[in-house]
Amino acid sequence: VYGPLPLRERAAEPSAWELALDGARVVFALSPELYRGFSGEGGVLSELGAADDEVVDAIAEHLHGEPAIDAAAVASELGVARPAVQVALNALGGAGRVGYDLGATAFFHRELPYDRAVLESMHPRLLGARELVEQGAVRLEDDGAIVLSGDAEYVVRFTPEGVRCTCAWFAKHRGERGPCKHVLAAEHARRRVGVA
Amino acid sequence: MSDLAENVRAAIDAGDPAAVRDLVVAATEKERREIRSVVDESWWHEYGSPKRFARMLARFGSATARQVASEWWSIDLNDESFRDLAYTVLAARGRDFFETVARNIVDDGVQQGALLVRRAVQQGFIDAPPDHEAYVRGLVVQLGDWNVSDSTYAALRADPTLLDEVWQIFEVDCSTELWNSAAWVTNELGVLTGGRESNRWLVALPRLADERLLDRDRLLDASLEALLRDFRPSMVGWYAKLHEELAPNDDERRARTDRYLALLASPTPSVVKEGLVGLKAVEGAVPADELARASTGPLSQKQKNLAVETLALLGRAAEREPGERPTLLEAAALSLGHERADVQERGLTLLERYPDEAPRGALLGFAEVVSPTLRTRVEALTGIVAEAPEPETVAVEPSPRVDAVSTAEPVALQPVESVDELIELAASLLEGQGNGDDVERLVDGVSRLCGERPRGFERRVSGLAKRADQGGEWGLLSGVGLVQSVVLSWTTGKRPPSYQLPDTLLGFLGQRALEVASRAAKRNPRELLALPTHAGGWIESDVLAEREQRAGRLRNRPDPADRLQAKLRVLRDVTAIAYSPSVVEQKRWNQEERFLDLEPASVPRDFGPLAPAVAAVGRSHGGSIWLDPVAWGAWDALGARWCLTILPTHPEIAFAGAARLIVDRLDAAPQLYPDVVLERALDSHLRLEGVAWLAVAGGLLSKSPDLQRIATDVLVTSIEDGRFDPDALAGALAWLFASGFAKASRLEAPFRDAGRISNLHAAELVRLGEALLTRLTQTPHGLQAPLQAVLEHAARTGLSIERPDARSALERIAAEVSRSSKLGRLARSLLDLSRTG
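Residue numbers (this note's numbering), protein chains in the order written: chain A, 1 to 196; chain B, 1 to 837.
Hints were generated in silico from the structure; no laboratory data involved.
Glycine is no exception: its CB is placed at the ideal position from the N, C-alpha and C atoms.
Possibly wrong hints are sitting among the right ones.
Derived lysine-lysine pairs resembling DSBU-like cross-links, with alpha carbons at most 35 Å apart [as the list claims (entries may be wrong)]:
(1) Lys51(B) / Lys172(A)
(2) Lys703(B) / Lys172(A)
(3) Lys522(B) / Lys494(B)
(4) Lys172(A) / Lys494(B)
(5) Lys567(B) / Lys587(B)
(6) Lys522(B) / Lys587(B)
(7) Lys466(B) / Lys172(A)
(8) Lys280(B) / Lys703(B)
Quick partial rundown of chain A residues pointing at chain B, CB under 8 Å, derived from the structure [to be verified]:
(9) Ala152
(10) Glu153
(11) Arg164
(12) Ala171
(13) Arg174
(14) Arg177
Working from the sequences, and respecting the hints, build out all of it.
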């Protein structure tokens, strides 16, 4: 039910397989490498940093064990834009308050015993990005930013094909394991000045 | 020179370590630093010489802690008297100094100073080892001599306090160090003459238990508990070996039945094996229901021996305890889902012993997955004939062969357009990402754009320059190493190294890269002729003609290597080079070894000065892979991928290089990345001829699971796209068997797995098996493994072995072996299938 198309130039990536039974669905998620586990690999880091706390809290209050959350209905009910709801649901997913049903392609409500603040404070890339912004290490440019990290500068560019960075992490994983801290810092800085 | 320095030098010259110790200990830290100018290295003298010990002590007493630690390779702390001296000197430098040294020489990569650290802890000089796990592993390494079988025993016996510490080896994963603690065979002069004689820790622990210096019960328990810990699967078997070395008696085994049963649930085959060994020894005392429950573990493992052992245990228990048969037989039925047909057959034989008690419900669940050759027997037990599809003879005809395409691939390459794009490309390549075309784009981009210095250039490339300045593991023998040189010269103006590169294909690429780097350092731009226009290294001839028009005639002319490379990339309509395989036998490390030699019939003149390097690609050096020039491939995957772009019209050269690398190391991990060539063979546009099938055959027979998987993928893909040539692959396999390179048993998984993809694949595997039989002049060892798969595929597709020479081979094989042997039964089954199919 989930997985990238097998292209030769792509490295192995996670995939999920659904076994349809009478009255039940069993989902197997496969990690490409044992040591990587199923941590999410930084896939929602941008959303964790971007989510509007008020929207997140408002959605959280509306959760009542729904097996499939209708994002459009929630957006309409709360009077916020649909993308903001999507980002907030991702953030709630990271916080263990909603899960994502790959078969139904929708979030569902369930509570895991940890909170979003703990997760955010534990993630080194997110912390590193905030530190860079607070240090004033991010200089915004027309289509990206220059981020000073350590004694080197990295170029972050936002293109129609996606965001890119010249750091070693990005070069190695090419975004497949979430954004690097320079990208997160650039996104954070852009939000601060109101650039979407 | 100070008095202290002079006295230290005199003590070193006199070979008097004790005098050096006294001088250093009595000096102040400031005075000690003055000795550094006299003793700037620790390793000048030969091993064992008193002068060497004296110099090392002087170094310990004067260098910084990090310097001492970085020279760990020259330090010999196994000599007890020197260890005493070293401890005194290092301790005299202070606790912080000692801890810094200790942290570095006890870490996992070094493991030199565990006994030194132990002494410091015992004396209260430091509180605890800096890295406890590395310390325990270091103890395992350091206790004993490499050529004395009972030296570990003697070391433990000599220090009773070590007997308390010894239990840590069961809590910290030391399995690799324990396996490696061998006593090696030496002659009377102490020179290594043979292999391992014994394992020192396996000698020591049982002996100490016999002498009641170690608690035997605790050793038996600890060895089993270690097997249940999350230790390295490939090495954890040492603890099982220890358990068996202790030779537990029946009472001791019975007391541990629950732990043996627990071992069966382990994902590690060697651990499961130990569980089965323990249970077998006391099987009469094992509760049948618990055995049935635990047997799901080994029956789910892919190893045949584990499943067969478990079925044997279940079978004997069923015979012994009729009342428990339903539970035991239900567990045995799981074997029908095993990936190996011979395991399924064993399970079925057990169930057929008790037809009235066979678990029909469980059997029905396996009716569709069981091997087609066993389906009727399962149906006889269940009494229900499954609606299995009739053999599909219609859909098994292979697709028509497509003519191998040798023209340029359709994907056009775009040159790098800006410095920003170049920065991103360089960052990616420095991490080993990308392919040969990407490297070519980088080299061309740097060559053209090296004169540009947009605003903020230095800042933007500072990260790149820093990364490029971190020396690669293999320097200029790797793709990343060459990229580093180009990037460093471009970003910093630093001139590239002036090494003489070897006359190999990678050396040729390196020569081109360093020429560009050299110009980039001087910001002297030039358009390259050799930038590929299409993926795979191809250049359109009209594009090259335009580039040549633009090239300088007198000044800034194209480099000769660039010109040659461009010429090689526009070649079309060439004749593939034919290779003749032969075997080179050579003695290496006291063993007769065989190497593959591929002699090219001829090398085209177009190759010019590159011809000798091309001719050397398949030739055997018969020597060390570490010392020989890298004729094909590189020390990293990027370099190997880059080599693929040199001669796009002659893929057979890459296959020859890969075949040699694979076949020369069939039983070991591949080196120099032949897998990159097999990955290239997945491309449906690439023609697969003679030597390509030899490389694929080598991959199928390789012990490396990674290589075998890629070779199987090539088999599967080539069947789908019509490039598959069963006769060529069978010829290559038969040649490798006849030349003594490999056993046929390695073909089991590739034959089985590839044939299960579809009926077309199954049919082609039957054709491959048939073609292989026609080429076998002798019966190779392990032939039953691929024949089992062929039988399975033939039964599924309704095909039969029809070629007369293949049938003759089966008849010969059946006559060579006993009727009851597996090979004999398979040969007859294949012949019978022919008559009825």
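Now for the hints, and whether the structure bears them out:
1. Distance restraint check for Lys51(B) and Lys172(A): the Cα-Cα separation of roughly 49 Å exceeds the 35 Å cut-off, and the hinted pair is therefore not satisfied.
2. Pair hint Lys703(B) plus Lys172(A) holds up; C-alpha atoms about 29 Å apart against a cutoff of 35 Å.
3. Taking the CA atoms of Lys522(B) and Lys494(B), the gap is about 9 Å. The hint holds against a cut of 35 Å.
4. Distance restraint check for Lys172(A) and Lys494(B): the Cα-Cα separation of roughly 25 Å lies within the 35 Å cut-off, and the hinted pair is therefore satisfied.
5. Note on Lys567(B) and Lys587(B): the hinted pairing is violated, with a Cα-Cα distance of about 42 Å set against a maximum of 35 Å.
6. At roughly 50 Å between alpha-carbon atoms, Lys522(B) and Lys587(B) are farther apart than 35 Å, so this suggested pair is violated.
7. Note on Lys466(B) and Lys172(A): the hinted pairing holds, with a Cα-Cα distance of about 16 Å set against a maximum of 35 Å.
8. Using a Cα cut-off of 35 Å, the hinted pair Lys280(B) and Lys703(B) holds, with the two alpha carbons roughly 30 Å apart.
9. With a cut of 8 Å, the hint placing Ala152(A) at the interface with chain B holds, because the nearest CB-to-CB distance is about 4 Å.
10. Because the smallest distance between the Cβ of Glu153(A) and any Cβ of chain B comes to about 4 Å, under 8 Å, the interface hint for this residue holds.
11. At its closest, the beta carbon of Arg164(A) sits 6 Å from a beta carbon of chain B; the interface hint therefore holds under the 8 Å criterion.
12. Residue-level restraint check for Ala171(A) holds (minimum Cβ-Cβ distance to chain B is 4 Å; threshold 8 Å).
13. For Arg174(A), the suggested interface contact is upheld, since its CB lies about 7 Å from the closest CB of chain B, less than 8 Å.
14. For Arg177(A), the interface hint is violated, since its Cβ never comes within 8 Å of a Cβ in chain B; the closest pair sits about 13 Å apart.
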